[in-house]
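Novice: Taken in sequence, the protein lines are chains A and B.
Numbering follows our numbering, with no gaps: position 184 of the first sequence is 184.
Numbering follows our numbering, with no gaps: position 69 of the second sequence is 1069.
Please note that the accuracy of each hint is not assured.
[Stated by the list, open to error] Capping the alpha-carbon separation at 25 Å, the derived lysine-lysine pairs in DSS-like fashion look like this:
hint, chain 1, residue 1, chain 2, residue 2
1, A, LYS93, B, LYS1028
2, A, LYS148, A, LYS247
3, A, LYS172, A, LYS132
4, A, LYS226, B, LYS1028
5, A, LYS148, B, LYS1034
Hints in this document: simulated from the structure, not taken from any laboratory.
Okay, here's what each chain looks like letter by letter:
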Amino acid sequence: MTATESRVKDLPIILPEPSEATSGEQVEQATEEWVEKFRGYYDQWGTLLQQNLDRLSRGSYSLHWLDTEHTHWGTRVQPSSRGLTAADIDRPKVYGTLPEHTEWRNFAPRGSARDLYKDAMPVIEGYDVLDKSHLWADNVNTLYEEAKVRQWNSTTDIPWSELEPVSEELEKAACQLSTFLTEVEFVAGDFPSRWVWRTAPDFFEVNNFLTTQMVDEARHMEVFRKRAMAGAGGLMHPSPAFEWALKAILESPTHSQGTFLLNVLGEGLVLSIFRAGEFLSKTHVDKEIFRLCMQDEARHVSYGTLEFKAYLDAAADRERALADMHRFADIGEQIILTALSEPALLESVAVLMGGSVAEIDEGMEGVGFLWSTIVEEYLQRCDRAGFSRRDRCTIPLEFPWAA
Amino acid sequence: MPRTRAGHFYIDPTCIGCGACEHGCPGKVDAICKIPGDFGGRFTIEAGQCIDCGLCIPLCPVACIHDARTEGVTQGSGGYTRIRDLQAWAAPRAGRSGDAAGRSGEV
């Protein structure tokens, strides 16, 4: 046993005083597991620690990091007139070539001298999305740039003080729609977060974009929560019908399948609502909220459509991939339909379109147009991805409303 | 800087405003920009700037960017045109029933 190992094994384990037995026991157990795990790795990291401490104690330098033999030293990336963009830094092949499959399950940057250290690197078991085909979209870099320049702040960019009063019925409808949107924006942020931490850092371009989606969705959740409260109304009725759809999205078995369900279908549905926002808005404040959210949502739908296309295009057995996706979509569409047909959504939209509860029948005519817009836009996204869904779509193409 | 020969690429009205194309346009060309004041946040190509490189086309999720030389000039097709039916239904109702928001008509 080395001197370092001896000192490490004697380190005291300091645990916070548990506030209650159950959580305290969980923390204690998790801490113990972590300690045992990294004690188990001691041969690997302890050796490095020993070498480093020995070098320091000798007053010796390594300077190995000055060696450029295994780097791409001298390769200059050139900024375009937009600045140094994500696409610009991917232009040199030595840095910008993404692997179809990566075995690098750690943070060693793509393009660095990492091969020298491969055998000593830890494996992060959590990184288990290792194939480009499960993530990539040809527009991910340009969408990332767009996302960065279109950020906005719901605290200051919405003229909250100018929110005009409307009738109580219209305010209830606006608050109900805001409650629905608050509910769905949660999952639109949580779904990418579930996959970002599983995605190997070699695909950082995708993770960077998905991180902007998470920020966007946090802002959307925030702005609709604020909208529900800003008119002296409040948050209204959540819905089990929404929740089943959101659960299906969050628990999708693969990133590509979940991206289809979230970005192509679910967020597409929300984008259609935002695109109709000009006719749902009863105040210029609501209109501005829809306008700003719409440009964010368009990016998410855009990524999802081309990610789905890239996934199908890269499939070794395209027919099988299509068959699997059809099987997934058969039930996925039905679960999304469960949310789309929820009265808390359709009826609040109908009141906003009609102008009052008394005019809800007229509003339902507008909802009929919105319904066919939602479905047809979804089918076009499927077509763009090479997924012909028109003959199998399980969502009624026309609004199933017996006027 | 405007060029002496106009480009031939254009974005049809079914654009959803994702902006992927804008950043695909070579920086020194910079021919793609948002349509000012458009509620839908759509983009347009300034023909005087466009160099017909076509880099923007594969980035578009709705296939709304066209080369007028090969496809002619269209107003778009497919599902993203369906919102026009909603617009046509909603436009005559603008300003009714306690509506405090201004509506600009066609998106």
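Novice: Hint by hint, which ones does the structure fall short of?
Specialist: 2, 3 and 4
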